[in-house]
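Sequence lines, in order, name chains Z and P.
Just so we're aligned, residue 1 is where the first sequence starts under the UniProt record's numbering, counting upward by one.
Just so we're aligned, residue 1 is where the second sequence starts under the UniProt record's numbering, counting upward by one.
Among the hints, a few may not be true.
Stated by the list, open to error - With a straight-line cut-off of 20 Å between C-alpha atoms, the simulated SDA-like cross-links for lysine to any residue are:
#	chain 1	residue 1	chain 2	residue 2
1	Z	K187	P	F320
2	Z	K133	P	L371
3	Z	K133	P	P265
4	Z	K121	Z	K187
As the list claims (entries may be wrong) - Which chain Z residues face chain P? A few, computed with CB under 7 Å, are given here:
#	residue
5	A96
6	P138
7	M531
8	E536
Keep in mind the hints are simulated off the structure, nothing from the lab.
Even glycine gets a Cβ: it sits at the ideal position worked out from N, Cα and C.
The lines below spell out each chain.
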Amino acid sequence: MSRPTSSLACTCRALQQRVRTPSPARTSLRQLHSSAAAFASSKSKGKGKQVDRWPGWEPVIGLELHVQLKGNVKLLSPARALYEAPPNSQIAPFDAALPGSLPTLGAEPVRLALLACLALKSNINPASTFDRKHYFYPDLPAGFQVTQKYSPLAKGGEVRIRSEAGGSSRAFSVRLDQIQLEQDTAKSSHDPETGMTLIDLNRAGAALIEIVTEPDMRTPEEAAAFVRALQAILRHVGTSDANMDRGELRCDVNVSVQRTAPGSPRGTRCEVKNLNGVRFLQGAIESEIARQIGELEAGRAVVQATRGYDAVTGQTFFLRGKEDAPDYRYMPDPELGPVVVSEARLSALRQALPELPDEAFDRLQTQYSLSPRDAGILVALGERMDDDAAEGGTSHSQAGAGVRFFEEVAKGREGKVAANWVLHELLGQLSKANLTLINSPISPSELGRLIDAVTTGSLTGTSAKSLLRTFLSSPPSTRPSLDSLIASNATTPSPADGSADEALNALCADVIEALPVEAAKVRAGQEKVLMRMVGEVMKRSKGRADAKKVGERLKELLKGE
Amino acid sequence: MLPRELTAIIEAAHRLNPRLAAFTSLLSPQDVALAFNEAPRGPLHGVPVAVKDVFCTTQLPTTAASRMLRDYTSPFDATVVKRLREAGALIHGKTNMDEFGMGSTNLNSYFGPALNPSGPHLAKVEDGEARVAGGSSGGSAAAVAAGLCRIALASDTGGSTRLPAAYCGVAGLKPSYGLLSRWGMIAYASSLDCVGIMAKEVGDVRTTLDVLSAFDEKDPTSAPQDARDRIAEHDDSLSPTWTSTNLSGLRIGVPAEYFLAELSPTVMPSFRRTLESLQAKGAILSSVSLPSTPLALSAYYVLASAEASSNLARFDGTRFGARAVEQEADPATRSALYAASRSQGFGKEVQKRLLLGTYALSAEAFDNYYLQAQRVRQLIRREFDSIFRLPSPLIPPSSSTTSNNAGVDLIIHPSSIGVAPRLRPSNTTTTPASSIASYTQDALNVPISLAGLPGLSVPAGVSAGEEDGEGKGWPVGVQIAGQWGSDKLVLKVGEAVEEGWR
């Protein structure tokens, strides 16, 4: 099965050449692009023609995601699940299920989870409840996990994705089934030397939200695009850092395939568990789709099962069948009361919620007439799009930084022009100077004045760009003020431009009239006084005139009288 | 130097424990002396308090009378233990109990049964006369009754404080659910478990209740401060003139459904005398009906066992507690290690209830057992609310809240269907302690547990004895129970019963 060149990949490459961004916020270029692509519209190219990857078959994909909450808070104990801490050093009595210990619901995990519910447009339950899910396993100290089965934190919700994902030009939404709070397990690892299972309880009881989607995705690329969009939202509102390789976002996927013929019944689904990276997710779905189609085309049935994914072979493998599915003996938790969320609290949280990427994306297009792609890049700026977090987790999301910068530049100016300067000039130059928008030495208002200089004709586009380069590449200690750079680079109206010429003449004549004493002194041969008159012209031209030309013109006028 | 009285108690505890098995562990007299020197001068200064072995203590082991925890010492003190220490109490021993609180006789203890010291003669095990102390807090009741402590902490899930208190002839309070912190009390059935208090005299129970009753942020089921404030309002709204000698206008209901066919006639004379003495003090008696009472026992066993199967899942031999030795458990399979550890670590009664609870929670049984039992529980709660004069302070008052002026303030009934059963049933005994009949001992106690109400068993005399003289002269208790939060009133009337009898 050949894989078509995706228009996503095209977009990325195109952007790569023009926009070089990253980063103290250490957003890698690849990540920025993928996110920009996730926001980019499907309008432009690659429309229509979708290569038929699975002739006669349509995959149906749903996800179940576990999100660890920011700050590694535990759900029911005061400890924190610190990632870097030595094993078994972050344990409250409840985390180890010590006899006599009791849970205490933390305020922070509830707040972070509610932010996610609002951002994902999920309907928040005014009084959700906790349940216990029972099974025996060494990484589950109490023998049960506290979760929310019968009355979850929130129901429904939606994530819109405008991806040109994987050759499909389909813009789509992924509906959410529910969002629930629950406890993480401890970490167990096998010690091959002793044959023992080692348990680290630091993570035991860490707060998670589980997000279950409806089966609304059709390709591995759509699933990947959804995960990236979800990561962006979770980071944007501060619910989670959502790094997959750190286990902050974990993913199980349900895959089935059905005939494309109308009215075909749903296929039997298989679940692939524990996918800890977007590329593993894609690989697992790809492999599972191929496997299921293979079974069906060979006349065999797909058997409902839970499967694992081997990243080395790129294949899924059988874990357990339906008949081995455990009975979790769910029971309403007899100790924890309901999570009561008042309307007042919800509206306070709504107020605190930053504008969501999706909303900003729409607004930038309608308010400033930006192209979807430009809007997409602006929205993605400052979001951390890394799902590898190779930088060690020191970076912080600067949610909405790109949009804020752009909007300040665009204040009182043409939106498209402002976007061009920010996206196509500033970002590129910043990148060359190894800087980012977050720590840009040029402020939005300074960039605005530079744009004005070009708009009014006192700077040519070319000289403005080179000025910007000079400004950004000079070391901070010797960096001149941008305004003085603009002034000294301002051109007098070119001779070819009659009206500009006349404007300069008029300006000079005005100054001669306004400064008769000085004019007389110059006429009397006191050349030094001329500079004072040049200065006045420069002042009146707001620095846009060419000082040398002004001097010559003044002389001409004074002599000509 | 310890005061002579304290020294005598500590000495007696060490001397008599081998026979009574009231304690699972005792502090040495030297350690008691040390604790005495450091004890704060609080309301319980220097008072020897025995603590049921279900409460976590850092100083002595905490075993829940189970082989599973025989070597376990907790890294923290239970909140009630901490509060006792801060009040100056000397915790000199941990008391025997049915394993994890499961039982009514104290026969289900890894340490053997606690004996009832309160009979007409000093009973010996060998001659078949020995009777059980009751359960599950048998050790606490026996220790109080034998004078081996002045106050004892017990626990009560479905009668575990009130039943042994009745059998041993001491006062035993199960406070309103949520009033006393459960932090550090090993959970059996979380929605029912209460910290219990035992003493010879009701006054000591009240002092202890005052020391222990406080909101605890470590316990999610701790009654919040606003509910506690409403209790105080209710106490004020009730006639403040009521004393243990004047109960003029107090309305006491006698629930008809509590007089079961199994109720032994030997306890009735004491019960009747109690009613007469309360009437003589001005109390108004009436018959009340709680028609769901017969459903309570089965609902209780479903819910308690279900919660137990969940709460006791943590005892798997991996982090703490007994682990099956290698040759008995195939180390290659984790589940075999769990099964072997749990089979060895838990006694028969615990295993029985865990299996029952596990079944009640299984997908096929959940609706018919667990949910059905929850509905019964709701029914029982509503019935109690309908008979009491005041509404529950747990529910914030609204415009629709009205007091039921025709309602009663308290209910009263015998604490148990008979006196303490024999430890080893003779041929003639009708209530063998270990038979299925022992479950019916709880029938009078579980409705109050399901509703979360305060219940006090207070001594009301000794049994009249059957025609053949069987069971004559053993303690009889009556139970006084009230609306949630009416603990103070319950204790006040308990004192009246106490005075009426003595």
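Evaluated hints:
Proposed proximity of Z/K187 and P/F320 is supported: the alpha carbons are some 18 Å apart, at most 20 Å. For a cut-off of 20 Å, the pair hint linking Z/K133 to P/L371 stands: about 16 Å separates their Cα positions. Note on Z/K133 and P/P265: the hinted pairing is violated, with a Cα-Cα distance of about 47 Å set against a maximum of 20 Å. For the hint pairing Z/K121 with Z/K187, the CA-to-CA distance comes to about 32 Å; that exceeds 20 Å, so the pair is violated.
At about 6 Å, the closest approach between the beta carbon of Z/A96 and any beta carbon in chain P falls short of 7 Å, and the interface hint on this residue holds. A hinted interface residue such as Z/P138 counts as satisfied when its beta carbon comes closer than 7 Å to some beta carbon of chain P; here the least separation is about 6 Å, so the hint holds. With 7 Å as the threshold, the beta carbon of Z/M531 stays out of range of chain P, its nearest partner Cβ sitting at about 78 Å, so the hint is violated. The closest approach between the C-beta of Z/E536 and any C-beta of chain P is roughly 74 Å, which is over the 7 Å cut-off, so the hint fails.
The structure fails to meet hints 3, 4, 7 and 8 from the earlier list, while all remaining hints are met.
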